[in-house]
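*Asks:* Single-letter residue listing:
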Amino acid sequence: MHSHPTHHRPPEVSARPGRAAFFDVDGTLISTNVVHAFGYYAQNEGSVAGILKRSLGTVASIPLFAALNLVDRKVFNEFFYRSYAGFSEDRLLTMSEDLFEDLLKGAIYPRAQDLITEARRAGCRIVFITGGMDFTMAPLAKYLGADDLIANQMQFVGGKATGKVIPPIIEGANKANVIRDYCEKHHIALNLSHAYSDSASDYAMLTVVGRPTAVNPDLRLRALARSYNWPILDLR
Amino acid sequence: MRPLKTLKKLYDEESHVVIQEKGSPPRFLFYGEDFWLEDLPVGTRIIYPRPPLEAVPNLKASIRYAINHPEQMEPLHALLRPGMKVTVALDDISLPLPPMRTPDVRQAVLEIVLELLADSGVDDVHLVIANALHRRMTDAEMKRMVGEKIFDAFFPDRYYNHDAEDPDGIVEMERTSHGEVVAMNRRAAESDLLIYVNINLVPMDGGHKSVGTGLTNYDSLRAHHNPQTIRDSASYMEPERSALHKSTERIGRVIDKNLKVFHIETVLNNRAFDGQMEWLMKKEEDFTEFDRMKFHATQFALKQMPRALKRKMFFSIPAAYDVIGVYAGATEPTHQKTLETCWKQYSVPVEGQSDIVIFGMPYVSPYNVNSILNPLLVQVMACGYLYNLNRGVPLVKKGGVIIITHPLYDEFDPEHHAPYIEFFHRLLPETRDAKVLEHKYEREFAKNPSYVHLYRKGNSYHGAHPFYMWYWGENGRQHVGKLICAGAENNHVPALMGWDRTDTLSEAIDMARGFMGRNASISVVKCPPILQTDVRL
Numbered sequence: 408m409h410s411h412p413t414h415h416r417p418p419e420v421s422a423r424p425g426r427a428a429f430f431d432v433d434g435t436l437i438s439t440n441v442v443h444a445f446g447y448y449a450q451n452e453g454s455v456a457g458i459l460k461r462s463l464g465t466v467a468s469i470p471l472f473a474a475l476n477l478v479d480r481k482v483f484n485e486f487f488y489r490s491y492a493g494f495s496e497d498r499l500l501t502m503s504e505d506l507f508e509d510l511l512k513g514a515i516y517p518r519a520q521d522l523i524t525e526a527r528r529a530g531c532r533i534v535f536i537t538g539g540m541d542f543t544m545a546p547l548a549k550y551l552g553a554d555d556l557i558a559n560q561m562q563f564v565g566g567k568a569t570g571k572v573i574p575p576i577i578e579g580a581n582k583a584n585v586i587r588d589y590c591e592k593h594h595i596a597l598n599l600s601h602a603y604s605d606s607a608s609d610y611a612m613l614t615v616v617g618r619p620t621a622v623n624p625d626l627r628l629r630a631l632a633r634s635y636n637w638p639i640l641d642l643r
Numbered sequence: 028m029r030p031l032k033t034l035k036k037l038y039d040e041e042s043h044v045v046i047q048e049k050g051s052p053p054r055f056l057f058y059g060e061d062f063w064l065e066d067l068p069v070g071t072r073i074i075y076p077r078p079p080l081e082a083v084p085n086l087k088a089s090i091r092y093a094i095n096h097p098e099q100m101e102p103l104h105a106l107l108r109p110g111m112k113v114t115v116a117l118d119d120i121s122l123p124l125p126p127m128r129t130p131d132v133r134q135a136v137l138e139i140v141l142e143l144l145a146d147s148g149v150d151d152v153h154l155v156i157a158n159a160l161h162r163r164m165t166d167a168e169m170k171r172m173v174g175e176k177i178f179d180a181f182f183p184d185r186y187y188n189h190d191a192e193d194p195d196g197i198v199e200m201e202r203t204s205h206g207e208v209v210a211m212n213r214r215a216a217e218s219d220l221l222i223y224v225n226i227n228l229v230p231m232d233g234g235h236k237s238v239g240t241g242l243t244n245y246d247s248l249r250a251h252h253n254p255q256t257i258r259d260s261a262s263y264m265e266p267e268r269s270a271l272h273k274s275t276e277r278i279g280r281v282i283d284k285n286l287k288v289f290h291i292e293t294v295l296n297n298r299a300f301d302g303q304m305e306w307l308m309k310k311e312e313d314f315t316e317f318d319r320m321k322f323h324a325t326q327f328a329l330k331q332m333p334r335a336l337k338r339k340m341f342f343s344i345p346a347a348y349d350v351i352g353v354y355a356g357a358t359e360p361t362h363q364k365t366l367e368t369c370w371k372q373y374s375v376p377v378e379g380q381s382d383i384v385i386f387g388m389p390y391v392s393p394y395n396v397n398s399i400l401n402p403l404l405v406q407v408m409a410c411g412y413l414y415n416l417n418r419g420v421p422l423v424k425k426g427g428v429i430i431i432t433h434p435l436y437d438e439f440d441p442e443h444h445a446p447y448i449e450f451f452h453r454l455l456p457e458t459r460d461a462k463v464l465e466h467k468y469e470r471e472f473a474k475n476p477s478y479v480h481l482y483r484k485g486n487s488y489h490g491a492h493p494f495y496m497w498y499w500g501e502n503g504r505q506h507v508g509k510l511i512c513a514g515a516e517n518n519h520v521p522a523l524m525g526w527d528r529t530d531t532l533s534e535a536i537d538m539a540r541g542f543m544g545r546n547a548s549i550s551v552v553k554c555p556p557i558l559q560t561d562v563r564l
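Chains as they are written, first to last, in the numbering used here: chain A, 408 to 643; chain B, 28 to 564.
Hints are not guaranteed to be accurate.
[To be verified] Per the computed footprint, the stretches of chain A lying under chain B, defined by three or more beta-carbons under 8 Å from a beta-carbon of chain B, are:
no., segment
1, 508–522
2, 527–536
[Claimed, not checked] The list that follows gives simulated cross-link-like pairs (lysine-lysine, BS3-like), each with its CA atoms no further than 30 Å apart:
no., chain 1, residue 1, chain 2, residue 2
3, B, 49, B, 424
4, B, 474, A, 592
5, A, 512, B, 484
6, B, 484, B, 170
7, B, 309, B, 371
8, A, 549, B, 474
9, B, 170, B, 112
10, A, 592, B, 467
11, A, 549, B, 484
[Stated by the list, open to error] Part of the chain A face toward chain B, derived, beta carbon under 8 Å:
no., residue
12, 428
13, 601
14, 618
15, 620
16, 636
17, 638
18, 639
19, 640
No wet-lab data here; the hints were simulated from the structure.
Built from N, CA and C at the ideal position, the CB exists for glycine as well.
Chain A on its own, in the form it takes in the complex (with noise of 0.2 Å):
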């Protein structure tokens, strides 16, 4: 289960069940996305050569990860998390803090906190399902309130980074899978609760809950928005 909650609570125990909101984060909550992540992770590498190297190849296989975040979002995900093979987990819990205070605080969407602060207020419990990797996301979703935090989580061997995520991958119809696990463990009624992303990538997720909501969406998500007459928010 890619569940780290951000707050311990034990789970609610009633006899009605609780209502959760399920943000996306990048391009929803926040202007940046995996890659930005990346690429500040590859300057700050440590050494000048492993700086280049990495700057350099990121740069390089840009014209890539748009072509295969066009044809299939699963294999862009896939090949770009081969990017962080050999970086060491320490070191990249540390720059995670920096990370989020030189570019993820200053990339939030001006409303998304008072979006958030409306869905406790209507009683959700928060939650940020992210394509983002768990250490990354972390100070951002604490910063936020988040109860929840849904990530990929990369895989470590002797310390360090293999490039592989620990299936499954967080992004597309398995974002509707984890979140039903997650309604199903927390005694959360699916149809009660609210999904927000902004991209048609997130379609399962959206039409796995019962109120979903465009936010800042794509040319696809509004069209998708305004066939099924789902809200459309913009935070920015």
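With chain A fixed as given, assemble chain B onto it according to the hints.
*Replies:* Relative to chain A, chain B alone:
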């Protein structure tokens, strides 16, 4: 022989009602953003509004006189102390309809009141739009309403929309004797004086309803914006016969007990159209050749235009309303005077009810200024507003038929009416029962973070608002036996609302006669401009 005085009175009263005869001209009717020209059956009764009453000769003098000679309160200048905290609340863009020509009457009142406040050493002044759960007005709309000078001086820190969902912006007073929540805008509640600047277009507006509904939140509105209260209100337009108004009165009295409220109420005449559109104010019998030409030219031009452009055109024509009364002071005596003037303008006496009543449906309602009259709003206009524009007795008989003329397109504005879309397409297919909708879904919509967000940060009506629209039509739905939409361009929208549809008005009349009998009486209400029938049984 009747004395001249009686004859004159009879003539005045009856001239607003015309019976269609063999040689009578065809009648034009609003059909959304278009017009229909219809030959009505002989014997049809056509009810016209009264001509606009004459404006007060000097508006500024009238405002000054009202605030210097208020009803059961000291004059405004005597209530002011240097350094005090004052909030001025204003009616929102839902009044008047269509929006009036600038300077808006609210601007005229503010120019005098703000000058007086400044001269009295009152600097802590905020202007709050009493929009309740209505959409926030845009910056441009706010500017238009108060004029550039006031806007520049107060916006955005001291001139803003009320936020019913701001957890820190609402305070609760004690509950009413009936347990109703009395919640209020914090700034207004914590002021030494609240001045409410109102526009009264129909008798439903103003009085305790101004502060009690305009500056409150969802929890307080639930006390009276619910299906049962609506069912218990024989007439929305007659406060003494309305459970809705009784509830707002109880709430208003608690507010008046806790806070000094100085009302400035203004009454407008019904001059909704003038200039090139003045023919809309006339009976067809009084049309000149030029008027007929203008009508046909308008009808032709509209047919060529896309719907969005037609809307833009209509909303760019402001109404030429004049102020016919300004009253100020304590809530109840001030409003009493307002209502008297209102009735003088709007009340049209008619003899008896009709089996079939036809309303030409215009492009505008209180909730779609600068936007689309979506199906839910057509419903609220038909079963809520137009049906209720009476003085106690509905024009249509119990079990009778209402016919409206509207395309009933399945179009919603996602920016202004976001929760309406889900209400209409997800909830109405499940049930049309207002009580079931209230019980099962109202709170969920009201608390939906997406809708709360769109209300607070965007320009959308609140999540509870589509429910209020449905409840508003409750009395009309309960009263009529059939509602037919003539000209509805699809089947599913009327079916979702439980209505019948026809392509033309004559088919609708045939269908209604099939339901009510061949000798069914027919009335046509020519509104706008606004009128209220005073039915004598």
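*Asks:* Each hint needs a verdict: does it hold in this structure or not?
*Replies:* Evaluated hints:
1. Counting residues of the segment 508–522 of chain A whose CB lies closer than 8 Å to any CB of chain B gives 3, which reaches the minimum of 3, so the coverage claim holds.
2. Using a Cβ-Cβ cut-off of 8 Å, 4 residues of the segment 527–536 of chain A lie near chain B, which meets the minimum of three, so the contact claim holds.
3. Distance check on the hinted pair: residue 49 of chain B and residue 424 of chain B sit about 26 Å apart at the alpha-carbon level, within 30 Å; holds.
4. Between residue 474 of chain B and residue 592 of chain A the alpha-carbon distance is near 25 Å, which keeps this suggested pair within the 30 Å criterion.
5. A hinted pair counts as satisfied when its Cα atoms are at most 30 Å apart, and residue 512 of chain A with residue 484 of chain B qualifies at roughly 21 Å.
6. For the given pair, residue 484 of chain B sits about 18 Å from residue 170 of chain B by alpha-carbon distance, which is consistent with the 30 Å threshold.
7. Taken as a hint, the residue 309 of chain B and residue 371 of chain B pair is honoured in the structure, with Cα atoms around 19 Å apart against an allowance of 30 Å.
8. Between residue 549 of chain A and residue 474 of chain B, the direct Cα distance comes to roughly 24 Å. Compliance with the 30 Å bound is thereby established for this hinted pair.
9. Straight-line distance between C-alpha atoms of residue 170 of chain B and residue 112 of chain B comes to about 23 Å, which keeps the hinted pair within the 30 Å bound.
10. Only pairs whose Cα atoms come within 30 Å are accepted, and residue 592 of chain A paired with residue 467 of chain B is accepted, the gap being roughly 26 Å.
11. Simply put, residue 549 of chain A and residue 484 of chain B have alpha-carbon atoms about 24 Å apart, close enough for the 30 Å limit, and the pair holds.
12. For residue 428 of chain A, the suggested interface contact is upheld, since its CB lies about 7 Å from the closest CB of chain B, less than 8 Å.
13. For the restraint placing residue 601 of chain A at the interface with chain B, the shortest Cβ-Cβ distance is roughly 6 Å, inside the 8 Å limit, so the hint holds.
14. At a threshold of 8 Å, the smallest CB-CB gap from residue 618 of chain A to chain B is about 6 Å, leaving the interface hint in force.
15. The beta carbon of residue 620 of chain A is positioned within 8 Å of a beta carbon in chain B (closest approach about 4 Å), and the interface hint is therefore held.
16. Evaluation of the residue 636 of chain A hint against chain B yields a held restraint, the C-beta minimum of about 5 Å falling below 8 Å.
17. Interface restraint check for residue 638 of chain A: the shortest CB-CB distance to chain B comes to about 4 Å, inside 8 Å, so the restraint holds.
18. About 6 Å separates the beta-carbon of residue 639 of chain A from the nearest beta-carbon of chain B, less than 8 Å, and the hint is met.
19. Look at residue 640 of chain A: its Cβ gets to within about 6 Å of chain B, closer than 8 Å, so that hint holds up.
In summary, this structure violates none of the numbered hints.
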